[in-house]
Amino acid sequence: MDKNKIFPKISVGIPTFNQSKFLERAIESILNQTVKPNEIVISNNHSIDETEIILKKYENHPKIKIIKPLKHLNVAKHFNFIVNQLKSEWFTLLASDDIVYPNFIETLMIGISRDPDCILVRCGWDNIDIYDNLIDRRYILSLKKITSPPRTFLEQISGPKTSFAAFASRKSIWNKVNGFDENLHHDVDWAYWLSISPYGKFIYEPKIVVKYRNNYRPNEEKKRFFKELSDHLYIQNIIIPQVAKKLNINLNKIKRKRYSSFKRKLIRASQLFDQNERQELTNLFLLHDVGGIRKISQKFINGKIWLDSACKKKLITFIRKAFSLIRCLL
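By numbering that gives the first Met the number 0, the letter at position 137 of the sequence shown is numbered 136, and the numbering carries on one by one without gaps.
Don't take every hint at face value.
[Said to hold, decoys possible] Straight-line distance between alpha carbons at most 20 angstroms, and here's what the computed SDA-like set of lysine to any residue pairs gives:
#, residue 1, residue 2
1, K76, P205
2, K221, I129
3, K8, K86
4, K8, K56
5, K56, K86
6, K20, K144
7, K144, K76
What the hints contain is simulated information worked out from the structure, not anything from laboratory work.
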């Protein structure tokens, strides 16, 4: 990096909740950077483990500010709470169970400097397990170095093309879209990339900058499935049409991408459940023909079919909420 060049300042937010096992390593990794961030703000979302003890070690650090919301917040609200406290022109969020490499901030700054119309920088990442063992390395090979609208939007329709573990965003754009969408449970990042896509260029730096801790909680993906599917439907039927309208894109031209994305999500569900649950879910709701999905979903809404599996109540609640959205994708 050219040390004589003036680079924008970057703030780092670390939202944390009950991850004291990993928190200190995350903090130390962001302190150990070749280029230092402007500030580090850590928000303790009312943890009940040893988070307070760990944070006490850093309460007098000149680069670190420790904050706490008035009450426990959901994911999107907590992200908005912490970003609202950040003072720099650019920001990134570091999960408190991840570890950044020393080149993290420097690589983001290099990306920011590539184009004055840049609003998002994204990088590669390593997936690691609970013991820090490398699972795989992730580069998004389909991405161009600089992507302009509407491609910034079109590339995201079938799923996110940016890792929430390896990004920097311009804060003025975060303000422009009113922050992260608080209607969502988990897919807050994907919705954000879509929402900001009309407003500037996305930069891709093909360097590994972070260790992203992945799938280390037993059955976590299965537990989150229904909320993630609900998020998916919201994104496909609320956010994508809104952004498409801003970019003057005909929804009929991107219908196939939207449907294929939804179908992949449902297919993934069939791999998460045990044999009995899988049979019930695939037969009654998930993987059969379009007419079958529509027909059996209506039976769920009318209360005519009841499952014996542990998923019964979740399915009924979910179907009632999501059926009108599902129909838009069929």
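Against the structure, the hints come out as follows:
1. At most 20 angstroms may separate the alpha-carbon atoms for a hinted pair to count; K76 and P205 exceed this at roughly 30 angstroms.
2. With a CA separation close to 18 angstroms, the supplied pair K221 and I129 stays within the 20 angstroms bound.
3. Among the hinted pairs, K8 with K86 is consistent with the structure: their alpha-carbon atoms are about 9 angstroms apart, no more than 20 angstroms.
4. Distance hint between K8 and K56 is unfulfilled; the C-alpha atoms sit about 25 angstroms from each other, more than 20 angstroms.
5. At most 20 angstroms may separate the alpha-carbon atoms for a hinted pair to count; K56 and K86 exceed this at roughly 23 angstroms.
6. Distance hint between K20 and K144 is unfulfilled; the C-alpha atoms sit about 36 angstroms from each other, more than 20 angstroms.
7. Distance hint between K144 and K76 is unfulfilled; the C-alpha atoms sit about 32 angstroms from each other, more than 20 angstroms.
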